[in-house]
Amino acid sequence: MATPFVYILFLMLLPFGIPNLLLYLIAFLTGLTLDAFYDTLGVNAAACVALAFVRISFISITLNRDGFDEPEPTLGNMGFKWFILYAILCVFSHHLVLFFLETFRLSELSYTLLRCFLSGIFTLFTLILIEFIFYNRKAR
Amino acid sequence: MRNLWIFINRYNAFFLFIIFFIFGIVLTVRNNAYQQSAAVNSTNEVVGDVYQNLNVLKKYLNLGPVNDSLAAENAKLKTELLMLKRIDSAKKITVKDSLGNQQYTYLSARVIKNSITLRNNIITINKGVADGIATGMPVISPGVGVVGYIRDVSEHLANIQSLLHKETKISVSLKKNNALGSLVWGTNNFDYRKAFVKDIPNHFKVNIKDTVVTSGYSSFPPGIPVGSIINTGVAAGDNSMAIEIRLFNDFSTLQYVYVILDKYAAEQKELASKVPNEQ
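Chains A and B, in that order, give the protein sequences. With our numbering as the guide, the letters of the first sequence map in order to residues 1 to 140. With our numbering as the guide, the letters of the second sequence map in order to residues 1 to 279.
Source of the hints: derived by calculation from the structure; they are not laboratory data. Do not take every clue at face value.
[Claimed, not checked] Sample of chain A residues with no beta-carbon within 12 Å of chain B, all distances over it, derived:
1. F104
2. L109
3. L129
[Said to hold, decoys possible] From chain B, some residues computed to sit far from chain A (all C-beta separations above 12 Å):
4. R30
5. Y34
6. R246
7. E270
[Unchecked claim] Covered stretches of chain A (in silico footprint by chain B; criterion: 3 or more residues with CB under 8 Å from a CB of chain B, positions within the stretch not fixed):
8. 14-28
9. 36-44
10. 49-60
Ideal Cβ positions, reconstructed from N, Cα and C, are used throughout, including at glycine.
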């Protein structure tokens with residue numbers, strides 16, 4: 001019922017300066033790679049593209065585009081509050097697209113949403129855990 | 001154009017998202033059996049719905065012709081049913097006479113050939129020896145009226161010597177006083193709706209609209225209404241009246257008849273044969 005998709009951390013932590021096209025390409029290819037193994041061609045790719053869109057939007061809204069102080073949007077660099085919001089948005093946008101494309105029908109709406117929510121919590125928890133581990137290591 | 005480029009460039013994130021996302025969904029639908037079937041199914045549902053609605057409309061518009069054809073089919077089937085009924089009803093209708101012992105059995109038969117225009121008319125029915133019919137049996141109409149006698153019998157068919165025949169003579173009586181006479185046809189007219197009662201003695205009082213019934217002396221059961229008197233008169237040089245009656249049954253529309261099987265017919269015949277013929 002609840003499956004964590006930790007790989008999206010890779011997309012979330014790509015550097016700020018990455019061009020949009022490249023970001024989308026990377027997201028798409030990452031998703032496609034996942035799909036190749038999950039045997040769900042296109043599902044993860046679309047989800048990752050959605051995540052990339054949310055990432056770009058969120059960053060452009062919350063941060064000054066010209067002056068990125070930090071190279072990457074990590075927990076250590078951006079602070080807990082910002083990162084939590086960022087992670088929640090990314091994770092849930094990704095999971096929504098992923099599960100709805102996987103189910104591909106609206107009749108199981110509540111079940112799909114429940115799966116999405118539980119997996120999202122799981123993923124979020126794992127992501128933050130990982131971030132804290134690296135945060136601690138990188139602590140200056 | 002430049003503005004467009006600027007616009008697209010400015011919101012490139014969104015456009016790129018749209019492009020990649022659509023690509024992803026297309027991949028999903030095209031390459032995954034389940035999503036494909038689901039997509040196709042939903043498409044089919046939509047298409048099916050449209051067709052169904054169209055069909056409802058078409059049905060409504062075609063209601064008139066459909067009704068007509070149904071009515072025609074109904075009529076045809078009903079006719080067939082009726083025919084089958086006539087053919088298949090070998091069932092005998094038993095009538096117990098109130099006198100107790102005498103018993104008549106009615107056998108329904110369908111008229112398959114009839115004529116009313118000749119001097120001697122013969123009716124053919126679809127029952128024969130196989131159904132228990134024998135020569136000489138009386139035949140009546142379903143409602144009221146006599147038809148004639150069985151004349152020839154084959155395995156499955158029989159000829160009736162109709163009342164409208166030179167040689168047919170049926171013993172009848174007036175219902176009100178049992179005055180005995182005999183019913184004949186075609187003495188002076190050949191109207192299939194009329195017949196004559198002969199041999200009723202002059203002293204009986206006969207009125208117009210009196211009912212004539214079978215007497216029971218010929219093989220017909222007694223009391224079957226035959227017709228009503230429409231004209232009376234004294235035949236010249238005779239001591240009996242010439243009574244013209246209107247027959248109750250219509251020979252022109254005869255559809256089916258009852259052949260009457262008399263349990264004691266053979267006995268009666270045997271007895272009658274012992275009486276020396278005086279004529």
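Exclusion check [Y34 (chain B) not at the chain A interface, CB over 12 Å]:
Since the minimum Cβ distance to chain A is about 7 Å, Y34 (chain B) lies within 12 Å and the statement is violated.
Beyond 12 Å on every Cβ pair: is that true for L129 (chain A) relative to chain B?
holds, 29 Å
Three residues or more, CB to CB closer than 8 Å: is that satisfied between the stretch 49-60 of chain A and chain B?
holds (count 7)
Does the stretch 36-44 of chain A contain three or more residues whose Cβ lies closer than 8 Å to a Cβ of chain B?
Our answer is that it holds, as 4 residues pass the Cβ test (under 8 Å) against chain B, meeting three.
Can you tell me if the stretch 14-28 of chain A counts as covered by chain B, using C-beta to C-beta distances under 8 Å and a minimum of three residues?
holds (count 5)
Is the Cβ of R246 (chain B) farther than 12 Å from every Cβ of chain A?
holds, 80 Å
Going by Cβ atoms, does R30 (chain B) stay more than 12 Å from chain A at every point?
Non-interface label on R30 (chain B) violated, nearest chain A Cβ at 8 Å vs cutoff 12 Å.
Is the Cβ of E270 (chain B) more than 12 Å away from each Cβ in chain A?
The claim holds: E270 (chain B) sits with its nearest Cβ about 90 Å from chain A, beyond 12 Å.
Is the Cβ of F104 (chain A) farther than 12 Å from every Cβ of chain B?
Check fails; 5 Å does not lie beyond 12 Å.
Status of L109 (chain A), Cβ more than 12 Å from any chain B Cβ
holds, 15 Å
Hint compliance for this structure: hints 1, 4, 5 are not met, and every other hint is.
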